[in-house]
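*Asks:* The listed protein sequences derive, respectively, from chains C and V. With the working numbering, the residue at position 35 of the first sequence is 35, and numbering never jumps. Adding 1000 to a residue's 1-based position in the second sequence gives its number in the working numbering.
If you are wondering where the hints come from, they were derived from the structure by calculation, not from laboratory data. C-beta atoms are modelled at their ideal positions from N, C-alpha and C, and glycine is treated no differently. Any given hint might turn out to be false.
In silico DSBU-like cross-links for lysine-lysine, where the CA-CA straight-line distance does not exceed 30 Å [claimed, not checked]:
| # | chain 1 | residue 1 | chain 2 | residue 2 |
| --- | --- | --- | --- | --- |
| 1 | V | K1183 | C | K104 |
| 2 | V | K1052 | V | K1117 |
| 3 | V | K1052 | C | K127 |
Computed list of chain C residues with no C-beta within reach of chain V, every gap over 10 Å [claimed, not checked]:
| # | residue |
| --- | --- |
| 4 | L14 |
| 5 | S21 |
| 6 | N62 |
| 7 | K74 |
| 8 | R76 |
| 9 | K111 |
| 10 | E156 |
| 11 | H184 |
| 12 | R205 |
| 13 | Q221 |
| 14 | E237 |
| 15 | K238 |
| 16 | L240 |
Residues of chain C placed beyond 10 Å of chain V at every Cβ, according to the derived structure [claimed, not checked]:
| # | residue |
| --- | --- |
| 17 | E5 |
| 18 | S13 |
| 19 | V16 |
| 20 | L50 |
| 21 | T66 |
| 22 | G69 |
| 23 | P90 |
| 24 | E122 |
| 25 | E174 |
| 26 | D210 |
| 27 | K233 |
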Amino acid sequence: MILLENIHKSFGSLEVLKGISGRIPRGEVLAIIGPSGSGKSTLLRSINLLEIPTSGKIFVDNTCITDKGANIGKLRTKVGMVFQQFNLFPHMTTLENVIYAPLKVKKMARKEAEILGKKLLEKVGLKNKVQTYPPNLSGGQKQRAAIARALAMEPEVILFDEPTSALDPEMVKEVLEVIKSLAHTGITMIIVTHEMGFAREIADRIWFLDEGHLVEDSMSQKFFKSPKTKRAKSFLEKVL
Amino acid sequence: MLLDFERVWPSVPYILEGVQVTLAYTGVSLFLGFLWGTCLALFKISHIKVLKWFSSFYTSVFRGTPLLLQLMLIYHAIPQLTGYTISVWEAGILTFTLNSGAYISEHIRGGINAVDKGQMEAALSLGISYPFAMKDIILPQAIRIILPSLVSESIDLLKESTLISVIGGADILRRANIVASEKYLYFEPLLIAGGLYYVLVMILTLGARILEKKLKTS
């Protein structure tokens, strides 16, 4: 379970998050939506401390990760992340990308790691790209490899930061299919997305952010059928 | 006047032995300078103020004073200050390492900054510690980016290593000079020395070009 308590984040004089509190139960799929600049990505990146909140507390599994002296390395092995720009390591093969962290962080034996890596790459449909370097993959393949890389650490939570925004339209589907296959398998998923159809289909819960505030926290069906707030309503009218 | 290579001919093997010496100075200092330059670069991007300050001050001193002066200072000052009699070899390696480290650190810092920020974020998000991320993810990419400037750095060092002849190191130039004063013939041995440096630099350039191509395709 993830608990956010009054998260504020400022970049210089610009306040991006203006006090966000919320709770994400274990195994739930949460989609964070909202207009550009509403703070979605910043909020997501706070959960694995790629952004350090200016104030407020974040708990993952009852451990306060925003405390001074919290074990950030350990937190990050539990919270995986998939980026908009994939961020695969270009000088390593797809397999090496996937098994690097299990080898170095979890000290897994190489043989065991390779078996795990190949299994995961097969799962995301990249069985025959094991020895390929990322520059030779398509966007969709890169993102699927990145998902396999995140899964290799067997995280409890995966953060998806606009995972399809940098993809050509014809590749969006293959990535969404892979993400969908992970939902409700026990992993908590937090997805920042502009794909409303996808959010509606996959998410249990929707957080609607606007101007740094969590304006609406509703179950997905309810949110798309009858949003509680005016702002969410007008947003949905624009994007749907 | 005609060139008289015949009289110099018997001394060519002697000059050629200098190639080894020149390459040893260049190679060892480059290797050590690379390690030291990497450290300095990491100091420069660290959040620890003292290290940052030290490395930029260090770099400005070594880039802001003549290499020959640094060499002479180290060769003459160390015995005077510490009582340790430093050999020409030690003084040369020490000076060239300290000096090239300063230059290389600037290249490496630039290379690290040129690597996409997302690379470090991806590494950290996997729980990889900063030192491992630096060593295995960021630096390999940074070095690829700055390979051309590292090559030009090593070419500079190869040529600057001639300064060792001033304090008596028996490199190519020094040997050519010795032959010159023995035979009272200056032009020919110096031409030979020049030719040798040119060939060495060309080999280095060619090697780098092949390496670059190889890296690009992988």
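*Asks:* Could you check that no beta carbon of chain V comes within 10 Å of the beta carbon of S13/C?
*Replies:* 22 Å, holds
*Asks:* Would the hint linking K1052/V and K127/C be met if the CA-CA limit is 30 Å?
*Replies:* Outside the cut-off at roughly 46 Å; violated.
*Asks:* E5/C clear of chain V by more than 10 Å, beta carbon to beta carbon?
*Replies:* 22 Å, holds
*Asks:* Using Cβ atoms and 10 Å as the threshold, tell me whether K233/C really stays out of contact range of chain V.
*Replies:* 35 Å, holds
*Asks:* Find the nearest Cβ of chain V to the Cβ of K238/C and say whether that gap is larger than 10 Å.
*Replies:* 29 Å, holds
*Asks:* Against chain V, does V16/C hold up as non-interface, every C-beta pair farther apart than 10 Å?
*Replies:* 17 Å, holds
*Asks:* Over 10 Å from every CB of chain V: does Q221/C meet that, or does the non-interface label fail?
*Replies:* 31 Å, holds
*Asks:* Quick check for students: does the CB of G69/C sit more than 10 Å from each CB in chain V?
*Replies:* Fine: 16 Å to the nearest Cβ keeps G69/C off the interface.
*Asks:* Just want to verify: S21/C was marked as not at the interface with chain V; is every Cβ pair farther apart than 10 Å?
*Replies:* Nearest chain V Cβ is 24 Å from S21/C, so the label holds.
*Asks:* Test the statement that R76/C is away from the interface with chain V: the closest C-beta pair must be farther apart than 10 Å.
*Replies:* At about 4 Å from chain V, R76/C fails to clear the 10 Å cut-off, so the statement is violated.
*Asks:* If I take the minimum Cβ distance from L14/C to any residue of chain V, is it greater than 10 Å?
*Replies:* 19 Å, holds
*Asks:* Once the closest CB in chain V is found, is it more than 10 Å from E174/C?
*Replies:* 21 Å, holds
In summary, the structure is inconsistent with hints 1, 3, 7, 8, 20 and 23 from the numbered list given earlier, while agreeing with the others.
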